Amino acid sequence: MRSGFFAGFLLATVSAAAAFAQGAPIKLANVAELSGGGATVGNNWKNGIDLAIEEINAKGGLLGRKLEVTHADSQSNPGVARAQVQKALDSEPYVLLGPGYSGSVKVTAPLAAEAGIAQIMGGEAAELTQGGNKFLFRTSFGQQSSMPKVAKYINDELKAKSVAIVWVNNDFGKGGRDVITKEFAKYNIKVAADISTEAGQADFAADVSKIKAAAPDAVFVYVNEEESARMLKELKRQAITVPLMGETTLVGQKVVELAGDAANGARGHVGLTTDAPVDLIKAFREKFVKKYNYVPDHNGLKGYLAIYMIKATTEKMGKVDAKAFADNLHGLTIKAASEPGILMDVTFDEKGDIDRQGFLVEIVDGKQVVKQVLPKLN
Amino acid sequence: MTATGKYLRIALGVVVIAALIIVPMNFNRYGLFILSQWAVMTIAAMGLNLTLGYAGQVSLAQGAFVGIGAYAAAIMTTQGLPLVAALGVAIVLCFAIGWILGYPALRVQHHYLAFVTLAFSTLAFLVFRNEDWLTKGIYGISNIPRPNVLGFATNRPLPFYYFCLGSLALVSLAMWWLIRSPWGRAFVALRENPVRALSLGIDTRRYTLMAFAIGSALGGVAGTLYAPLTQYIDPVPFNLSLSLDLLMMVIVGGSGFFFGPFLGAMIAVLLPEWLRFTQGYYLMLYAVAVMLLLIYSPTGILGSLDRYLAERRTKAASALRAVAKSRLETAP
Amino acid sequence: MSNLLDLLVAGLATGAIYALVAVGFMLLWQTSQTINFAQGEFVMLPAFLMLAVMHAGAPFWLAIILGILLSLLLLGLGFKLLLVDPMLRHGVLPLAIATMALAIGMKEAVKQFFSAEASPFPSIVPAGDVSILGRVVSLQSLGVLALAIAVVIGLTALLNRTSVGHQMQATAQNPTVARIIGVPVERMILLTFLINAFLVALASLLITPIYLAKFSSGEILGQAAFIAAIVGGFNQVRGAIAGGLLIGVVDNLSAAYVSTQYRAAVPLILLIVIILFRPQGLLGRPEERTV
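Line by line, the protein sequences are chains B, P and L.
Every position in the first sequence, counted from 1, becomes a number in our numbering once 858 is added.
Every position in the second sequence, counted from 1, becomes a number in our numbering once 8 is added.
Every position in the third sequence, counted from 1, becomes a number in our numbering once 296 is added.
It cannot be assumed that every hint is accurate.
[Unchecked claim] Under 7 Å between C-beta atoms, here's a sample of chain L residues computed to sit facing chain P:
| id | residue |
| --- | --- |
| 1 | Pro390 |
| 2 | Leu454 |
| 3 | Leu455 |
| 4 | Pro575 |
[What the hints assert, rightly or not] No farther apart than 30 Å at their CA atoms in a straight line, the calculated lysine-lysine pairs in the DSSO-like style are these:
| id | chain 1 | residue 1 | chain 2 | residue 2 |
| --- | --- | --- | --- | --- |
| 5 | P | Lys333 | B | Lys1007 |
| 6 | P | Lys144 | B | Lys992 |
| 7 | B | Lys1148 | B | Lys924 |
| 8 | P | Lys323 | B | Lys1048 |
| 9 | P | Lys14 | B | Lys1209 |
| 10 | B | Lys1229 | B | Lys1193 |
| 11 | B | Lys1010 | P | Lys333 |
| 12 | B | Lys1193 | B | Lys1019 |
| 13 | P | Lys144 | B | Lys1040 |
| 14 | B | Lys1229 | B | Lys1140 |
| 15 | P | Lys144 | B | Lys1044 |
For the record, the hints were derived by calculation from the structure and aren't laboratory data.
Predicted, not measured: the structure shown is a model, and the values here were computed from it.
Using N, Cα and C, we set each Cβ at its ideal position, and we do this for glycine too.
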């Protein structure tokens, strides 16, 4: 009787001590485009984050501590993003996640830098990492590293001398268009037509007829998945047969689903895609579909990777230290062999840009076929 | 209005103003940002209240005028010009555009101003986005400096909040004066009975136009504060939905009431923030709250309050009358 | 020249979509002074109702029927009883603002309870193209165009040939007089709301395969329909149809010949010009009622 009581007491003490050793949860703050024009981007990003955190917590957390994230909605509005990041920083998170829109990143990055908190974001505009901010990190290629690869392919493989550019008129599309126009100039490739489109545009007849009139050697399409699909259909309808080149958003599985036959022959450079011929990515995709019932776009991958970047960096430091986090992520190489969650080997440079394998793919019979693997630089 | 009622009102006003000054002193940066945003939006909504509540015209371009003011401030202050200069430009520009838009629209027919301003709102957005050379297009303008006011730097959140609050106070005083001036009386006469106003020799079209142009200029004033508040602007926040939001603030607060915009802006800016704890549901709940509020009091919060007070007064008066009557009857 | 024809055909197809949405918008305004800022969302929702029924395992045809019935219930009856009726007597604006809030609520609800992703939607018109006079035209576009024409003919016939139609017209022109001469005004107004709900459900069925089912797809549609209704004149079925078609064509022509960046501007400038020179709209009659 008495020993029983004693044993119970002992057990209680031990488990309390274990709980104490586990420590308080590590707080992360996410500010993303959960409503408004960027809601698709933001919700993919959020779901990717939640999936990764759930996985890590199920395996005992990070350094024995659980991860906890708060999600705040920026309404796709930089002013609101600023307020929400301010709020997030006031609660002193370990790392700040998001936003996804480059404009919102631009307005919030100085705040995070001032607070000395690392910010892992989804924006792809070239200029974001060029202002010397020591706390800002990408999760995907910036346009300054993906567009030169596209331009090189158009010049070397397609041997095009004139190209029509179709872009969506938001910071994503305009950014890509500006960088690739500069790259084309280096190769003396003429921009035969420069066509801006609207997000959510349904009718591309006029845009395609402009391309037709310009008779380019190739077309570069840089719009979101849904518009890509409509664009491809219209290109086919107006019988444009020159090579179509794009980025992740032109050759994704979702585009194939929506555009059907019309997607065949489209090519693109792909930095991060759930269709990549990498086993870990295929596994990620299955897990994601199982949990959320849809196939994520690259933003889902970005959110997922952001969490594993935090995990790898923290494990390297051996402690949870917000102040030292950014320094430790700079120059870090994370190998998929030792950290499967990172999916592909990746290196972060001093600016917060990433270096990773890329692919050049073509849609053949409704399937993405990898034509060329662009190796990691170092 | 009895003397005690008047004193009560003054006391209430003093308490509210003191609270607005003192309570935020130990707010965090986020709280101060939201309060500053409230002050800025209140100014814009006051402008629209003049157009809608006093002159009875619907403008769907108030957000565009805020955008014009914000771009004037962003472009000029990043070039090193003082914010006061930008303020002047914004006021003149918005007033002139308001006049030019309103003139033909009001010539034609009453409610066509709404349609013209709807078109203008989208046109303004397109210009903000497409004219890179001036507005830096979709990339937006960053590093907008905050001003020095009377030698005080307003870089920190608290001084900037006081700057916004001070601006709101100045605008409110100006508005108070305007409504009490002969012009303001003409505006009210217009609203109450346009036909009678016309027969009294008030040039209704001219006054309506004036109210719209002044209201638009106040949108510009709000814009010149918005730019240094966020310190980065791009075209997206100034699309049609901002104009619709501002319209909602005026209606929900009580259109035509001096303090309507204060309450309306509070609901539009603060209510979503209070509801954020519900995570993904907050905007849905916000929408439902606004609908319920409008169903319950279609004339806005102050409209309902006014009706309630009026009813109480009538009841009190009729009670008094009843008492007096019974006394008369019982009197020998 | 061949290019121009292509653009005209494509513009008409898009315009027909705007027109369908604009007709219902105009009907609500006419009979009950309801400016429905949620009209675009009204088109977005039925597709999701149908998708939900399909996810529950029902075949497509059943989903269509149930989707239309649910639309009549929610967007017709529910909208009128819960939002319009309590607010109607307080003037145009509070109700218009309430529909704006409704639009936000509907978008958020679909996003939260369904998905932020665009979902594909089956087409009742077979996918594919046909060749007409050497032009390649998609069957879906033809389907939308055909329906728009059918709606005009049907509605015009209803309004002009039947006694219910005459009663509706009387209600629209002067509810007080209509009531005096014995028109069941309330029932007529309800009927308009049901017709609108039916039209948006039909539009949803035809448009969603092209636009995809997405919570935000109503934003562009709603605004285009609003402008189409004003351009065409706020008080005629054929005016709204003409306005829609015109906006679609002008949009395409301006993208091709003016500027893709400013394509949205040209219809708006057109709108301003029309207001200045023909305030009653292209096919509208001068407003008889003072608002």
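So, going through the hints one by one against the coordinates:
{"no.": "1", "hint": "Pro390", "in the structure": "holds, 4 Å"}
{"no.": "2", "hint": "Leu454", "in the structure": "violated, 28 Å"}
{"no.": "3", "hint": "Leu455", "in the structure": "violated, 24 Å"}
{"no.": "4", "hint": "Pro575", "in the structure": "holds, 5 Å"}
{"no.": "5", "hint": "P/Lys333 / B/Lys1007", "in the structure": "violated, 95 Å"}
{"no.": "6", "hint": "P/Lys144 / B/Lys992", "in the structure": "holds, 25 Å"}
{"no.": "7", "hint": "B/Lys1148 / B/Lys924", "in the structure": "holds, 23 Å"}
{"no.": "8", "hint": "P/Lys323 / B/Lys1048", "in the structure": "violated, 81 Å"}
{"no.": "9", "hint": "P/Lys14 / B/Lys1209", "in the structure": "violated, 63 Å"}
{"no.": "10", "hint": "B/Lys1229 / B/Lys1193", "in the structure": "holds, 24 Å"}
{"no.": "11", "hint": "B/Lys1010 / P/Lys333", "in the structure": "violated, 98 Å"}
{"no.": "12", "hint": "B/Lys1193 / B/Lys1019", "in the structure": "violated, 40 Å"}
{"no.": "13", "hint": "P/Lys144 / B/Lys1040", "in the structure": "holds, 18 Å"}
{"no.": "14", "hint": "B/Lys1229 / B/Lys1140", "in the structure": "holds, 18 Å"}
{"no.": "15", "hint": "P/Lys144 / B/Lys1044", "in the structure": "holds, 24 Å"}
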